[in-house]
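Asks: First residue of the sequence shown? That's 56 in my numbering, and the numbers climb one at a time after it.
Don't take every hint at face value.
[As the list claims (entries may be wrong)] Derived DSS-like pairs: lysine-lysine, alpha-carbon spacing no greater than 27 Å straight-line:
no. : residue 1 : residue 2
1   : K193      : K327
2   : K193      : K158
3   : K144      : K73
4   : K259      : K158
5   : K144      : K327
6   : K158      : K200
7   : K125      : K73
8   : K125      : K144
9   : K125      : K327
10  : K125      : K193
11  : K323      : K125
12  : K200      : K144
13  : K158      : K144
14  : K332      : K193
15  : K259      : K193
16  : K259      : K144
17  : K259      : K200
18  : K200      : K125
19  : K73       : K193
20  : K323      : K259
Rather than coming from a laboratory, the hints here were simulated on the basis of the structure.
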Amino acid sequence: MFLTKPVGISYYAHNWAKNVPFILMHVACLSALFVEFSWQVGLLCVGNYFLRMFGITAGYHRYFSHRAYKTSRWFQFVLAWLGCSALQKGPLWWASHHREHHKYSDTPADPHSPHRTSFWWSHVGWILSEEHTPYDDKNIQDFTKYPEIQFLSNYHYVPGVLLAVICYLTMGLSGLVWGFFVSTILVYHCTFFINSLSHLIGYKRYATDDESKNSLVLALLTMGEGWHNNHHHYQSSANQGFYWWEIDISYSILVVLSWFGIVWDLRKPNDKALNHKVRVPKSKKNKRELVSAG
């Protein structure tokens with residue numbers, strides 16, 4: 056299944072010329088072997104990772120894709136800017152395709168199901184495909200009305216380029232390599248793991264109609280996105296870790312922001328939603344069947 060050819064899709068649909076920047080970004084990371092490393096550039100790498108991961112998780116995903124909370128127009132722009140700085144295209148493209156994913160999760164119409172295509176395709180192949188270069192603006196009409204969001208979607212590379220320049224001007228070549236190139240690749244693939252691995256590994260708490268799963272490791276890497284089965288069970292929730300032991304850093308930050316009135320109306324599942332469609336472990340199910348049979 057790892058390299059199985061997706062049904063109805065050709066790997067040759069990739070436009071490698073357009074994907075040169077994506078490829079070069081990975082190649083540029085190799086320069087980390089030849090530049091000086093210090094705790095300062097290490098801190099810059101980690102800081103830029105978490106800042107941009109927040110832009111993806113709290114911005115592109117929970118806000119633009121699912122409207123899991125409300126915010127002002129200026130902070131909406133900040134979220135879009137942070138998301139763009141991660142170089143995962145614009146907020147309209149990202150949210151439109153993500154809404155398609157939830158509509159058709161793990162069916163042939165899902166843009167990136169590892170069960171219907173392959174690990175490669177669900178992880179990164181679909182992003183490189185010509186088929187998914189455009190997006191359906193009808194899926195995202197609630198945000199196409201904002202000219203500043205349209206601008207960032209059209210020039211989504213600008214925040215990332217400016218971040219690269221800042222890293223270079225503040226910490227030189229080491230800052231550029233570690234603070235920008237390496238951190239960008241880490242954000243790339245940890246985000247992509249949610250499309251691929253979170254539908255393959257982990258456990259299911261809820262009986263959803265797809266193969267979404269929960270994973271503590273992925274949750275830690277992605278600031279809370281690894282509670283993916285929770286998310287597919289209650290998509291509009293601002294928190295994806297439903298219980299105190301399910302670490303969800305993005306949600307914790309949103310809660311702090313709500314104290315200052317920057318965000319508000321954070322959606323959460325009620326008790327009925329939390330207990331709806333909970334899967335019964337086979338061992339407990341068998342015991343119940345034996346008791347009822349006796």
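Asks: Work down the list of hints and note, for each, if the structure agrees.
Replies: Going through the hints against the structure:
| no. | hint | in the structure |
| --- | --- | --- |
| 1 | K193 / K327 | 32 Å, violated |
| 2 | K193 / K158 | 14 Å, holds |
| 3 | K144 / K73 | 13 Å, holds |
| 4 | K259 / K158 | 19 Å, holds |
| 5 | K144 / K327 | 37 Å, violated |
| 6 | K158 / K200 | 23 Å, holds |
| 7 | K125 / K73 | 35 Å, violated |
| 8 | K125 / K144 | 23 Å, holds |
| 9 | K125 / K327 | 23 Å, holds |
| 10 | K125 / K193 | 21 Å, holds |
| 11 | K323 / K125 | 13 Å, holds |
| 12 | K200 / K144 | 18 Å, holds |
| 13 | K158 / K144 | 21 Å, holds |
| 14 | K332 / K193 | 31 Å, violated |
| 15 | K259 / K193 | 32 Å, violated |
| 16 | K259 / K144 | 30 Å, violated |
| 17 | K259 / K200 | 38 Å, violated |
| 18 | K200 / K125 | 16 Å, holds |
| 19 | K73 / K193 | 25 Å, holds |
| 20 | K323 / K259 | 19 Å, holds |
The structure is inconsistent with the numbered hints 1, 5, 7, 14, 15, 16, 17, although it conforms to all the rest.
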